[in-house]
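Peer 1: Protein chains in written order, with the working numbering: chain A, 1 to 305; chain B, 1 to 335.
Everything labelled a hint here was simulated from the structure, so no lab data went into it.
The C-beta atom is built at its ideal place from N, Cα and C for all residues, glycine as well.
Be aware that a few hints might be false.
[As the list claims (entries may be wrong)] Each pair of labels, with its calculated beta carbon distance range: (1) A/Y196 <-> B/I21: 36 to 42 Å; (2) B/T84 <-> A/Q63: 56 to 62 Å; (3) A/R209 <-> B/T84: 54 to 60 Å; (4) A/A203 <-> B/R3: 42 to 48 Å; (5) B/I21 <-> A/V51: 31 to 37 Å.
[Unchecked claim] Below 20 Å or equal to it, Euclidean Cα-Cα: the simulated EDC-like pairs (lysine to aspartate or glutamate) are: (6) B/K124 <-> B/D293; (7) B/K8 <-> B/D322; (8) B/K8 <-> A/D296; (9) B/K8 <-> A/E77; (10) B/K124 <-> B/E51; (11) B/K85 <-> B/E231.
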Amino acid sequence: MTVAPAPEAVVRLSDAAIRRRMLADFWFHFRQNRGAVIGLFVFMLMVLAAVFAPLLAPHDPTQQFRDALLAPPVWQEGGRSGFILGTDAVGRDMLSRLIYGAQYSLFIGVVVVAIALIGGIVIGLLAGFFGGWVDAVIMRVMDVVLAFPSLLLALVLVAVLGPGLTNAMIAIAIVYQPHFARLTRAAVMGEKAREYVTAARMAGAGPLRLMFRTILPNCLAPLIVQATLSFSSAVLDSAALGFLGMGAQPPASEWGTMLAEAREFILRAWWVVTFPGLAILVSVLAINLMGDGLRDALDPKLKRS
Amino acid sequence: MFRFLIGKILYLVPTFLGITIIAFGFVRVLPGDPVLLMAGERGITPERHAELSAQLGFDKPIWAQYLDFLGRLMHGDLGNSLVTKKPVLTEFLALFPATVELGLMAILIATLIGVPVGVLAAIKRGSWFDQISMTGALIGFSMPIFWWGLLLIIFFSGILQWTPVSGRISLLYFFPPVTGFMLIDSLLSGQKGAFVSALSHLILPSVVLATIPLAVIARQTRSAMLEVMGEDYVRTARAKGMPTARVVGVHALRNAMIPVITTIGLQIGVLMAGAILTETIFSWPGIGKWMIDSISRRDYPVVQSGLLLIAALVMVVNLLVDLTYGLINPRIRHK
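Let the hints inform the model, and build the full structure from the sequences given.
Peer 2: Here is the structure:
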């Protein structure tokens with residue numbers, strides 16, 4: 001004989017328990033996507049590399065070994081055991097620079113997504129919640145930003161602000177922010193008319209509470225997915241800016257900047273060009289794989305068949 | 001349809017004005033005095049400075065300056081380059097065909113490969129072809145194309161020596177531009193080997209530029225096809241005993257193409273951003289390289305107007321995509 005659970009049993013689930021169950025549920029769905037798990041694994045490796053860079057890197061990333069300029073990787077003829085992936089044109093160890101480069105990419109991704117996400121959420125909430133002319137004006141401005149190819153607008157913004165890592169991050173964040181604003185707005189407009197929102201309003205919740213405590217948590221799924229996608233785009237775009245000389249400046253071991261410095265040696269020393277780009281590709285790919293899994297696990301509606 | 005068209009165009013007016021404000025404001029917020037920038041390194045006397053300021057309208061209030069800017073814009077006057085002193089519009093029009101040729105070739109490659117791959121992956125869902133092609137698409141989608149271009153140069157130009165490293169055509173050939181498209185002009189010139197030379201210069205850059213759109217189109221085609229294949233009318237067609245080729249080719253493909261065409265159209269923004277990188281790597285004399293060079297030379301009139309022209313171009317192409325969408329999908333325009 002089965003006993004129907006008493007209603008109190010359901011009520012007694014604490015917030016923490018609910019959260020734990022949601023997390024378990026999420027992990028169950030996420031785990032089914034093999035690519036996503038691989039992506040997560042590679043991403044964790046990248047995080048570890050960035051955090052423990054001083055321990056992992058065999059050399060200082062800026063130290064120049066004058067006796068080993070453009071030394072090839074260790075498995076190639078002329079390679080030296082001290083420099084597993086070879087050295088660049090001024091004798092800096094490639095492997096150490098790549099490991100330290102992970103710090104840049106992660107930092108850029110986190111900062112860009114944080115700025116774009118927070119800005120986009122606030123703007124999107126305002127537009128979706130108030131509607132009317134506020135919405136019309138905000139969305140027009142977003143349309144204008146979206147009319148420019150993102151890399152071009154970021155380039156011009158950096159030209160205005162001055163080349164450098166900080167300005168590149170600000171520029172990329174500004175360019176990405178409309179995507180978050182649009183998503184938030186659409187989600188808010190969908191949720192606004194729901195009964196739980198009306199109930200909260202009746203209970204006397206003010207607009208700020210309604211926006212941030214009542215509605216926002218229910219709009220998070222698409223935002224998290226977009227945040228992952230933006231993270232990988234931010235890594236790509238900041239590397240592109242670095243490559244064009246507008247991002248992180250030498251001697252920074254940012255991967256795009258490393259590629260820019262390596263360009264003139266492409267026909268002489270394949271390793272100075274190949275490895276930084278491979279690092280960019282692998283990290284972007286890992287994040288995109290993770291994003292696909294996140295989307296499937298968080299939002300079944302968006303699931304790609 | 002007419003109302004649909006007018007509505008779409010009216011919708012763009014505020015966006016276009018916004019673009020002009022950004023392009024106008026961009027030069028204003030730059031650090032430094034624009035007159036001093038124009039005067040160059042040697043500097044000028046205060047009298048000459050005041051004279052130049054008045055001549056350029058910098059002594060007027062900011063809104064009047066903006067209206068002047070809009071007025072000149074409407075007359076097709078986009079200012080002159082600080083470096084070459086030529087009108088920006090003339091320079092733009094001279095370089096534009098190179099970018100269009102590159103972009104068209106890229107979108108052609110992306111579509112001709114992406115659509116069949118997507119369709120096949122959807123039909124053979126779960127097969128090794130599906131898995132390999134979709135993994136490939138994800139890699140393409142994540143590709144830093146500036147690195148990809150360098151790799152292709154190392155392999156095809158460096159090791160195999162099949163293709164040249166940069167430019168649009170070998171210096172051996174010279175002919176006046178007729179259409180601005182090197183492929184067509186080289187054919188028209190009748191010079192032996194010119195067309196092959198132009199093609200070999202074009203192939204690597206367009207493959208590089210096609211990479212991301214190709215990945216997006218293949219993924220989009222696959223998921224659109226999968227969605228359509230699950231529809232009732234496809235099942236009905238199958239149930240009637242229609243051959244698979246006809247079901248896929250006629251019933252499914254036609255309907256699946258609607259979102260795919262939109263996706264292809266929306267790649268123009270991606271192409272313009274990609275053109276900046278691709279043209280820089282291959283020294284392709286187009287709009288992207290022109291913008292980069294102008295930014296680094298601080299040639300602000302060029303940057304300002306180039307930004308404006310490119311954004312307007314993207315906007316117009318997006319409008320055309322919208323209209324095509326309305327044409328092929330009656331459900332949209334009758335809403």
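Peer 1: All hints, please: hold or fail.
Peer 2: Status of each hint after checking the structure:
1. The beta-carbon spacing between A/Y196 and B/I21, approximately 40 Å, falls within the hinted interval of 36 to 42 Å.
2. The hint said 56 to 62 Å for the Cβ distance between B/T84 and A/Q63, and at roughly 44 Å that hint is violated.
3. Taking the beta carbon of each, A/R209 and B/T84 are about 59 Å apart, inside 54 to 60 Å as hinted.
4. Roughly 45 Å separates the CB atoms of A/A203 and B/R3, a value that falls within the hinted 42 to 48 Å.
5. Checking the proposed 31 to 37 Å range against B/I21 and A/V51 shows it is violated: the Cβ atoms sit about 44 Å from each other.
6. For a cut-off of 20 Å, the pair hint linking B/K124 to B/D293 is broken: about 47 Å separates their Cα positions.
7. A hinted pair counts as satisfied when its Cα atoms are at most 20 Å apart, and B/K8 with B/D322 qualifies at roughly 8 Å.
8. Taking the CA atoms of B/K8 and A/D296, the gap is about 34 Å. The hint is violated against a cut of 20 Å.
9. With a C-alpha separation of about 64 Å, the suggested pair B/K8 and A/E77 falls outside the 20 Å cut-off, and the hint is violated.
10. Pair hint B/K124 plus B/E51 does not hold up; C-alpha atoms about 72 Å apart against a cutoff of 20 Å.
11. A threshold of 20 Å between alpha carbons decides the hint, and for B/K85 with B/E231 the separation of about 60 Å lies outside it, so the pair is violated.
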